[in-house]
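Student: Spelled out from the first residue to the last, the chains are:
There are 2 protein chains.
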Amino acid sequence: MAKTLAVSPLAPAAFPDLPVIDGVRFASVAAGVRYAGRTDVMLALLDAGSTMAGVFTRSATRSAPVLDCQAKIGGASDEGVAIIVNSGNSNAFTGRNGIESTRAVTSAVAAATGLPEARVFSSSTGVIGEPLPHERITAKVDELVASLDATGIAGAAKAIMTTDTFPKGSTVTVDLPGGPVKIAGIAKGSGMIAPDMATMLVYIFTDAKVPQPLLQTLVSQINDRSFNCITVDSDTSTSDTLLMGATGASGVAVTEADSAFAEALEGVFLDLAHQVVRDGEGATKFVTVTVTGAASDADARTHAMAIANSPLVKTAIAGEDPNWGRIVMAIGKSGAAADRDLLTIRFGDVLVAEKGWRSPDYREEDGARLMKEPEITISVDLGLGQGTSTVWTCDLTHGYISINADYRS
Amino acid sequence: MAKTLAVSPLAPAAFPDLPVIDGVRFASVAAGVRYAGRTDVMLALLDAGSTMAGVFTRSATRSAPVLDCQAKIGGASDEGVAIIVNSGNSNAFTGRNGIESTRAVTSAVAAATGLPEARVFSSSTGVIGEPLPHERITAKVDELVASLDATGIAGAAKAIMTTDTFPKGSTVTVDLPGGPVKIAGIAKGSGMIAPDMATMLVYIFTDAKVPQPLLQTLVSQINDRSFNCITVDSDTSTSDTLLMGATGASGVAVTEADSAFAEALEGVFLDLAHQVVRDGEGATKFVTVTVTGAASDADARTHAMAIANSPLVKTAIAGEDPNWGRIVMAIGKSGAAADRDLLTIRFGDVLVAEKGWRSPDYREEDGARLMKEPEITISVDLGLGQGTSTVWTCDLTHGYISINADYRS
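Here the protein sequences come in this chain order: A and B.
All residue numbers in the first sequence are consecutive under the numbering used here, ending with 414.
All residue numbers in the second sequence are consecutive under the numbering used here, ending with 414.
Hints should not be assumed to be uniformly reliable.
From the structure, some residues in chain A lie toward chain B, with a derived Cβ separation under 10 Å [claimed, not checked]:
1. S64
2. T243
3. I322
4. A323
5. E325
6. N328
7. A342
8. R345
9. W362
10. T402
11. Y405
Note that these hints are calculated values from the structure, not bench results.
Glycine included, every Cβ here is placed at the ideal spot set by N, Cα and C.
Let the sequences and hints guide you as you build the complete structure.
Tutor: Written out as structure tokens, the structure reads:
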């Protein structure tokens, strides 16, 4: 980023105390890809026997590293796995040079770690369309490998930031029949956030032993209910990547019957997804949009996203204006089924509108009071069926304009 | 509006000198619906024998006046037609009261003019969800009818403004085989502009003699290439209405073979549509987005709208930043077919990117120079097929946030 941004008012009080995940080590370094005076490359190395799963942007103009990850993700990781990530340059829309830069980075990591290149994943995030100065990264690979450390995950979370104003981490320990397993993850993301399959950059690790097909199923399903349900600005990145590695170092196996593991993992996914929204560019409000009573879950999601992406709804929230008419507008334009005269709208627990009109009990000051809170819930019941969806977003403020009109991230 | 906005820097130099359209008279009045110190109701009266056509928002939460117009539009107008429009309150999401308010207004106009109520159209624009104080309008109907004047169209254009910073008008005279005919139209619109079937409020009049079915066909077809191709903020209004009346007073008949009339009419539609974009809330740039080489016209439109609605593209334009990577992003997320390595992108006549990467001849200062212009053209060729689309939009600025976060329009 070209200048320092103030930390989001919605940031957690502190970065969580992430535990060591046995079987994974981390390193980060300042390679000067684009930014000065900060780390911008991180390396994670997972031991032999780890399994890997991932989800990626569905953008038609996805980046070279994303395409490379997609080609590699299904393979076996008997020898171990490496993940190398740089911030400052997304290596997206960089043509043949982009492919060559990705290969230069992954082959350098393969050479330094002894892993096959097919087990080296890479991500790049930052400006689109500039050639990646990969030699700055490859020059640092030996230093990265030499400094790998099981406690390095917090440093890795910092190295992958772009316009983020705080590093994002989450962890949970789950007691399974075979014993406890740990999960820890990091993420980055602040603008160009409307994930379509995955979000920005997310790396999650566990010492549980999870077969690759099951890990992929869990990642894909939970992603649909977490990262795919957040939006900052409706703009989908060319680089969205979520990678999850299970080292098995705990010796505790996870089976399809272990709902406790899936539930705990969903908690980590949601925590990280919400942190991305809390760091939305210019955000001052964290907004939960819940739609019920839709004709289908898909319709509910269409309505929820129409509300969450509406510039007029988002600016009203920024202005602490309980302008519920704009929610009616967003439902109307979404294209999904709605009957104006069956709509019920609530701000928090305040009934605002029902049966096609403002509730007779609604008082504007009640809506205005709720709008002053930093966390706002908008609930819409369509009165048509059983479809539901919840999505999370932030407001649209002068801060977003300043960040995106005034310089390139 | 709650405070006076500066006139858009993209406004035309002056309101055009709209001619008298024989067979139509106009009046406007200050009824105090919501705004003080300005006119806010206009009446247009078309003579017996006029034909009427219209297109309306497809919003699922469209307003009571829109539903009323849709029910009436196909009918014969042998006795003449009236159109009454208020600003300040959209009478949308107002339940049964909304229907009653619409009927109160149209029946008052019917009584004062001697027309059947089925030939009185009404529109309302302004805040959503507030009861329409229709008695303030009905109290002024006699005064409106008494002051009808063939030269009153400019006053009517002013009375229908909400957050508009200038009144919008357009006119053309067409020489047909039977003689000259005149077309004149007015429009309002500035925010909540992403028309889906029609835009905001548009009223167009001609003294040509046009059979109703032909008039409706012309209006629908041309609307698809004009008002349906503009977007300010991706938010579709609950009140979008376009009504066109042909009085036939010139005695010159238009037939399906008269392409000259259709072409002239399209010029008026486009002029008014562009004026709405030029008055986009907070706009400082008028942007034309042209997509060619798409797999289909529908795909081209999807890509063009994804670019035109992207907050990141629009803020980059506001910042005069030739950040073409964000255009790549928008194409990638649109969902329509694209091949990253076949894309060609131009700013004006400057080739920016081709074959999946920045053009070797592109110099950033050339892009930066073009971005300083008040009118910007973005051209994308997908290299896939013959589909084309052109849409028009504006930038996303601090002004938009101020207008929509700081008070209710």
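Student: Does each hint hold? Answer for all of them.
Tutor: Hints, verified against the model:
1. S64: This hint holds: S64 (chain A) lies near chain B, its Cβ roughly 3 Å from the closest one there, short of 10 Å.
2. T243: holds, 5 Å
3. I322: holds, 8 Å
4. A323: Interface hint status for A323 (chain A): holds (4 Å vs cutoff 10 Å).
5. E325: holds, 8 Å
6. N328: holds, 6 Å
7. A342: holds, 7 Å
8. R345: The hint holds - R345 (chain A) has a Cβ within 10 Å of chain B, the shortest such distance being about 5 Å.
9. W362: Holds, because the Cβ-Cβ distance from W362 (chain A) to chain B comes to roughly 3 Å (cut-off 10 Å).
10. T402: With Cβ-Cβ at 6 Å, under 10 Å, it holds.
11. Y405: Given a least distance of 7 Å, the restraint on Y405 (chain A) holds.
Checked against the numbered hints above, the structure breaks none of them.
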